[in-house]
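Residue numbers (the numbering used here), protein chains in the order written: chain A, 463 to 718; chain B, 463 to 718; chain C, 463 to 718; chain D, 463 to 718.
Be aware that a few hints might be false.
Note that identical chains are pooled: a pair holds if it fits in a single copy or bridges any two copies.
[What the hints assert, rightly or not] In the DSS-like style, the derived pairs of lysine-lysine whose C-alpha atoms are separated by at most 27 Å in a straight line are: (1) K585 with K670; (2) K648 with K478; (3) K597 with K585; (4) K714 with K478; (5) K714 with K585; (6) K467 with K630; (7) K648 with K670.
Honestly, the hints are just simulated from the structure, not real lab data.
Below, each chain spelled out in residue letters.
Protein chains: 4
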Amino acid sequence: MKPEKPTTLISTFDEKGSTIRGKSLVDDLIGEITFTDMIYFYILGRMPTPAQTKVLDAVLVTLVDHGMLGALSARMVYNSSPDAIQGAVAAGMLGVGSQYGGVMEQVGRILEELIAAADPDAKAREIVAAYRSSKRALPGFGHNDFRPDDPRTPKLFQVAEAAGVPGKHIAALRTLARAVDAAVGKHITINATAGMAAVLGEIGVPWKIMRGFALISRAPGLVGHIHEEQQRPAAHYLGRLAQRSVEYAGEKPSSS
Amino acid sequence: MKPEKPTTLISTFDEKGSTIRGKSLVDDLIGEITFTDMIYFYILGRMPTPAQTKVLDAVLVTLVDHGMLGALSARMVYNSSPDAIQGAVAAGMLGVGSQYGGVMEQVGRILEELIAAADPDAKAREIVAAYRSSKRALPGFGHNDFRPDDPRTPKLFQVAEAAGVPGKHIAALRTLARAVDAAVGKHITINATAGMAAVLGEIGVPWKIMRGFALISRAPGLVGHIHEEQQRPAAHYLGRLAQRSVEYAGEKPSSS
Amino acid sequence: MKPEKPTTLISTFDEKGSTIRGKSLVDDLIGEITFTDMIYFYILGRMPTPAQTKVLDAVLVTLVDHGMLGALSARMVYNSSPDAIQGAVAAGMLGVGSQYGGVMEQVGRILEELIAAADPDAKAREIVAAYRSSKRALPGFGHNDFRPDDPRTPKLFQVAEAAGVPGKHIAALRTLARAVDAAVGKHITINATAGMAAVLGEIGVPWKIMRGFALISRAPGLVGHIHEEQQRPAAHYLGRLAQRSVEYAGEKPSSS
Amino acid sequence: MKPEKPTTLISTFDEKGSTIRGKSLVDDLIGEITFTDMIYFYILGRMPTPAQTKVLDAVLVTLVDHGMLGALSARMVYNSSPDAIQGAVAAGMLGVGSQYGGVMEQVGRILEELIAAADPDAKAREIVAAYRSSKRALPGFGHNDFRPDDPRTPKLFQVAEAAGVPGKHIAALRTLARAVDAAVGKHITINATAGMAAVLGEIGVPWKIMRGFALISRAPGLVGHIHEEQQRPAAHYLGRLAQRSVEYAGEKPSSS
C-alpha cells in the first residue's frame, strides 16, 4: 500500500510571512478579524457570516466552564508539574470525551438523519424506539442538575433564531424532543449538549468535528482554573480528600 | 501539613443555572459577550475593555496556525484513534511547551523587570550580558524563517497602539531589542513570541499564565488539522516517511 | 442520583508503609517479586503462576518497539518541552488507540464468544461473514509489512504452549483463522495483535483491559526514543521534513 | 540551521521481522528475556547483569502504586471516555512531573556531583547550604506521611547491596543525608524518591532519563485503577465530592 503524497489546504509560509487558506496572516487576519471568526475560518475554510459568528460565540461561551469537576484533572496535574501547564490543559482536554463531546457528535448525526428523512416525525419515533429497545440513553436528553429544563438550550435557540439561521437543525431537535416526550410519557430535559449540536449544525459545522468545538471552548476554562490554582491552590486538598474518601476494603497484609 | 479548605472565585450552579464570576451564564454571558471577552473574563476575573478585547483577538489569531510541524503529533494520534479526537488535541497541546509557550513567559518576566527598573536601558544591557555570558539564547529574539524581521511583531504593536494600550511593555521590549542589537553588533529579529508577550502584558495578562493563552489559540489550529485529516489524510504518509527517513545505524542481529 | 460511597481493593497506607492488595509493599513486594509479577498482581488482584509470568513477559516484550512511526509524537513533544518528558510519553501513549490497542480488545472479545459457542467453527464462519458483509476489516488479520506470516504470532504461541497454558484462546484464534482463510480463499496473516489477545486471554486477562497491557509495554519504548532524542536528536529534522513534504494546495493570498 | 539527516540505533524491520539494538525480536527477545531486561536493554542499549535486573525490578515495583491521589486524573478521564483508556493513562502520566519524577532527576544529578567531588563531605555541606540559603527544599528529603523514615529507602538499599552493586551512589546519598541532618539539627527522612535515584544511579541510569523510569512504573498503577473503575466506579463520586467541597466565594449575579 503506497499512500499518495498528500497536500494541505490550510497554510504555507515563506520569509515574508504565512498564508492561511488564501489570506495573508499579517495583512488580512491579525487585527482584522476576531478569534471566533478565525476559528470558523481556519477549521471550515470559509469566513463566517455575522450570524454564524454570533452563534459560534454563543456556543463557545456556553462550554467554557465545567466547574471544579471539569477542572479536577487539570488542577491535579498542575500541582504535580506547575512548570508545564500544557500538561494540565492536556489532561483536562482528555476529559472531553465520548460521554460529553461525543454526545454532541451523536446528536448532530441524528439531526442530519432527521433533516434528510421524508417523514421526520416517523423517523424520530423510530430512532427513539431503537434506543429504548436497546436500553441505551438517547444522547442529548436528561440532565442530573437541570430540570425540567436546561436553561442554556432555549437561550442558544433564541440567539440563533435572532441571528437568523435557517432553522432546520433546531426544528429537527424539537421533532426529536416531541418523540422523546411521547415515548417516555413526560417531559425530558433537552440538555445543552443537544442544543449546541443543533445550533452548530445551523452554522454548517459537520457532526464529525463538533467535539472539536467543545475542546476549543474548554481550553480557556482549564486555563482559568490553572490560574486560580496558581493563586488559590485546591488540588492538594482535593487529592488528599479523594485519598481519604475512598476507603480500602481489601485484605490486611498477612505479614504484619 | 493540614491544608485549609479551599474556595473558588470562578463558578457555582444551582437548578436554575450557572453563575460565573458574579454573572449569570444564561442571562449575562451566552449571546451577550464574545468568546474573546469570555476568555479574558473567565481567566482574569474582569470584563475586558474594548481595547483589551481588540488586542487579545489579535494575539489569539496570531498563534492558531503552526503549520504541519505543529500539527504532526495531533495528526498521528488522530490516525491511531479517530474515535477519540480529544487525544489528538491533547497531544498537540503538549507541544506548546517550554521552547515555545514557555518563551512568552520568560519574555513577559523580563519585560516586567525592565518596567520596574529605575534605569531600563542599563537593566536591559545587564540582562543581555547575563544571557550572553552564560551562552543561553535570549528568549524572544531570532527566528529560523523570518529575517530580518518577523512581520507579525510590528503588526501586533500597530494593533495594540491603535487600540490605545498604555505602551509600557512595548516600550520595554524596544529597549531590550536596542540592547540586543548593540551587544550583537547587528539587528536581531524580535520574534512574534516576544511581540505577543509584550502586548499580552499591555492588556494585563501576568507572565505566569501567558503560556495558557498560547494553548487556547492553538486549540482551533489543531482542530483544523484534525478536520483536514478526516478529509485529506496525511498522517499515514508522514509516519511512513519518518520511519523511512531515519535509518538504522545499529548492529545487525548476530542470529541471522 | 446519589452515588454510594465507593471503596477500593487496591491499596492503603499508614505511617509504617503501604499495603497493596493485602501485601506489605516493603516486606512482600519490593525485592521479592519481579515487575512483571507486580503488573499482573496489581491489575488483576492475584499473583501470577510462573507460566502466566512467562507469557506476560513475552507479550510485554513484543510491544515495546513501534519504530520511529510509533515514537514520532513523543519525539516531537520532547523537542518542544525537554524539561517535561511526561508530556512526551503521554503524547506517545495517546497513539495506542482504537486502531491498535483497541484491536486487541476486539479480538479478545471475539475469542471469548468463540470459546462460549456450542459450535465454534460455525460461530467463526458467522462472525467472518458478518464483518465481510458490512465491509469492515476483521480485527487481528492482515499486516502491511509482514506476509505471509507475522513471525511474532507463532513465537507467542510457542512460548505460551511451552509454558503450559490451557490453550482455549489459541485454539479459538486458530478456528477463526481457518474461517478467514476459507472465506477469503487464501491465507491471511494472523497479526501479532491477534496473537497477543489470544495469549493474554490464556493468562486470564479480560478483553476489556487488554489495551492497558499495550499501554504498559509501550511506555519503555517511548522512554527509549526520548533518551535517544536526548543524545541523537531527530525530531527537529522530522518536523521540517513533514512541513516540506505536504505542499500547500490552497489559494494564494489575494492581497499579495 | 540545516539539521543533518539523523539515524537511529534503536530498531529496524524487514518482512522477516524486527531487529532491536542488534537482536532479533522474535529469535532473541520474545520469550527469551523478561520485560525488566527489555526495559533496560531498550533504553540503555546493553543487556543488564542479573544484579542490575534485580535492582531495576525493585525500583519499578516501588513506584507502581500512588494511591487514589495518583490515580484521580486517570479515573476522571476514564469516566468521561471509557472507550479511550489511552487518554486516562496519559492523564495519569502527566501527573508524574517536576514535583515527583523531576525530584529523582535532581537527586540523581546531585549524587553525580558528589561522586565526582574531591571531598564529598565538603561538597555535600556546600550543596545543603546553597539550598537552605535560597530557601528551596532539598530534593529527596522529607515526607508528609512517613517519619522518621520512609521504609522503602532502606529496603531499596538492602536489595541493591545484596545484589552487589558498586555502592557509590548509595554512599553519596548517605553523605548528603549526614550533611542535611547536621544542618537542620535533627534527622530528616530520606524519601523513596531519593532512594530510587541512588539505586538507579548504581545500575547505570543517567539522571537525565530517571523520570522515564518513574513513568514506566506508573503505567500499570494507572491501568490497575482503570480496571477497578471498570468494576467499582469511584470517579463520579469523587468528581461530585470535589465540586461540593470547594465552595464558591465570589460575587452573586446582579441580575438575579
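Here's how the hints hold up against the structure:
| no. | hint | verdict |
| --- | --- | --- |
| 1 | K585 with K670 | within (21 Å within a copy, 34 Å between copies) |
| 2 | K648 with K478 | between (62 Å within a copy, 20 Å between copies) |
| 3 | K597 with K585 | both (18 Å within a copy, 26 Å between copies) |
| 4 | K714 with K478 | between (69 Å within a copy, 13 Å between copies) |
| 5 | K714 with K585 | neither (57 Å within a copy, 45 Å between copies) |
| 6 | K467 with K630 | neither (39 Å within a copy, 45 Å between copies) |
| 7 | K648 with K670 | neither (31 Å within a copy, 36 Å between copies) |
In this structure, the earlier hints numbered 5, 6 and 7 are contradicted, and the remaining ones agree with it.
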